[in-house]
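So you can see what is in the structure, the chains are spelled out below.
2 protein chains.
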Amino acid sequence: MMDCVVKKEAVSPLQTQNNIFPDGSKISRLQRNERFGHQSGVLWLTGLSGSGKSTIATGVEKLLFKYGYLVSILDGDTVRSGLNSDLDFSVEGRQENLRRVAEVASLFASSGHIVLSTLISPQQQTRDFVKQVVSHNFHTIYIKADIEDCIDRDPKGLYKKAMAGGIEHFTGIGQSYEPPPNPDLLIDTSKHDTETCQMMLKDYIIEHFFLK
Amino acid sequence: MMDCVVKKEAVSPLQTQNNIFPDGSKISRLQRNERFGHQSGVLWLTGLSGSGKSTIATGVEKLLFKYGYLVSILDGDTVRSGLNSDLDFSVEGRQENLRRVAEVASLFASSGHIVLSTLISPQQQTRDFVKQVVSHNFHTIYIKADIEDCIDRDPKGLYKKAMAGGIEHFTGIGQSYEPPPNPDLLIDTSKHDTETCQMMLKDYIIEHFFLK
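Which chain is which? The protein sequence lines are H and Z, in order.
Quick note, the first sequence lines up with residues 3 to 214 if you use our numbering.
Quick note, the second sequence lines up with residues 3 to 214 if you use our numbering.
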């Protein structure tokens, strides 16, 4: 018969109350980091639609993967198609969308990943909140672009639709975007070409995530 | 100025309707699998509380990690403490809990992980549902144990509490557990010791996840 190795640990009041006993991975974050030769954490790319978040993230992901890094992208729309498909675009729906993405990003970081999350996340208050949720090794990356350039690029045709009145509260048109006052890194895609922008983020990651 | 490399791809009716354009990782699952030398996927460990799901999963995780596998555990209670901390234990809350874990397991599998999920998941209907959510390379692993053994082990003190009337609908006491009729693997922890049980799962994974 199986000898049950789960130890009867001291039970906290919270556990007693909720009957919840987290009992997950026994491989530590440090062990995973040592395996891949880099720290894990979350780079939260924020900026207007069309600012270049996904373009920068996918380019950097490709480079880092080539170097052997464990790297992943959490794209707002991809998560909206699965995990968060039950949420609408109300204030509460958007808040909950960001909370869940932050929680998932945190799970990925605990599993050794460098996570590149690409969500507009227009409000400072919400970005402060997701930083708290992730808690460990969180970096705010501001992908800056002039609104005129975003409208001109309009890769998803959303500005055109929003300006015709087809999307309520679209960031940059019906709703304002609050630039982060103190981002860990600012990349201005109205000033630099794609390759330069990708190199800026890649260099930042290598500098800050390298395992000493 | 940044040259926007996001291609204006054909827009589907669903995208047009929801303004959602999934635009995530450009590293394919196959590329990730080739990097780690194994397929990725989800092993859904189901069984009574105290059946040994976590004990087996943590032991196998340790072994596979040692072999260089990319492996993670998604523990029901860990996810309840973070991502799913907003959910209660009602029928709807439990259903949504499992849906989200399945979606997260799917994200991890897409990122190259072998995911060991450890949740009681007592109903066949729900397990069919999570299999659909994960869709690709999903394996049902039934961790079987006599209820008397589970009550005897009671690693979290929950049977004692449930039998005293302190937990409503506790699986095995107030609510029945439906054994999966056709699991991909059955491990009987009332018949075998811990090491044997762990070896059974480890051997199954090596046989089914090895990259030919």
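Everything labelled a hint here was simulated from the structure, so no lab data went into it.
Small disclaimer: the values here were computed from a predicted structure and weren't measured.
Glycine included, C-beta positions come from ideal geometry on N, C-alpha and C.
A few of these clues could be false.
What the hints assert, rightly or not - Chain Z side only, calculated, beta carbon under 10 Å to chain H, not exhaustive:
#: 1; residue: Arg37
#: 2; residue: Glu63
#: 3; residue: Val81
#: 4; residue: Gly114
#: 5; residue: His115
#: 6; residue: Val135
#: 7; residue: His138
#: 8; residue: His141
Unchecked claim - Covered, in the sense of this in silico footprint (three residues per stretch, anywhere, with C-beta under 8 Å from a C-beta of chain H), are these stretches of chain Z:
#: 9; stretch: 26-33
#: 10; stretch: 96-109
Can you verify the interface hint for His138(Z): is its Cβ closer than 10 Å to any Cβ in chain H?
13 Å, violated
Chain H contact restraint for Glu63(Z) - C-beta distance below 10 Å
Status holds, d = 6 Å.
Taking 10 Å as the limit, does the beta-carbon of His115(Z) come near enough to a beta-carbon in chain H?
7 Å, holds
How does the coverage statement for the stretch 26-33 of chain Z fare against chain H, requiring three or more residues with Cβ below 8 Å from a Cβ of that chain?
holds (count 5)
Close enough to count: is the Cβ of Val135(Z) nearer than 10 Å to one in chain H?
Val135(Z) check passes; min Cβ-Cβ to chain H is 8 Å, inside 10 Å.
Check of the stretch 96-109 of chain Z against chain H for coverage (Cβ-Cβ below 8 Å, three residues minimum)
Coverage by chain H holds for the stretch 96-109 of chain Z (6 residues, Cβ < 8 Å).
So, as I understand it, the hint says His141(Z) touches chain H; can you test that by seeing if any CB pair is closer than 10 Å?
19 Å, violated
Minimum Cβ distance from Val81(Z) to chain H below 10 Å?
Status holds, d = 8 Å.
Does the CB of Arg37(Z) sit less than 10 Å away from some CB of chain H?
With Cβ-Cβ at 8 Å, under 10 Å, it holds.
Taking 10 Å as the limit, does the beta-carbon of Gly114(Z) come near enough to a beta-carbon in chain H?
With a closest approach of 8 Å, the Gly114(Z) hint holds.
Consistency note: the structure conflicts with the earlier hints numbered 7, 8.
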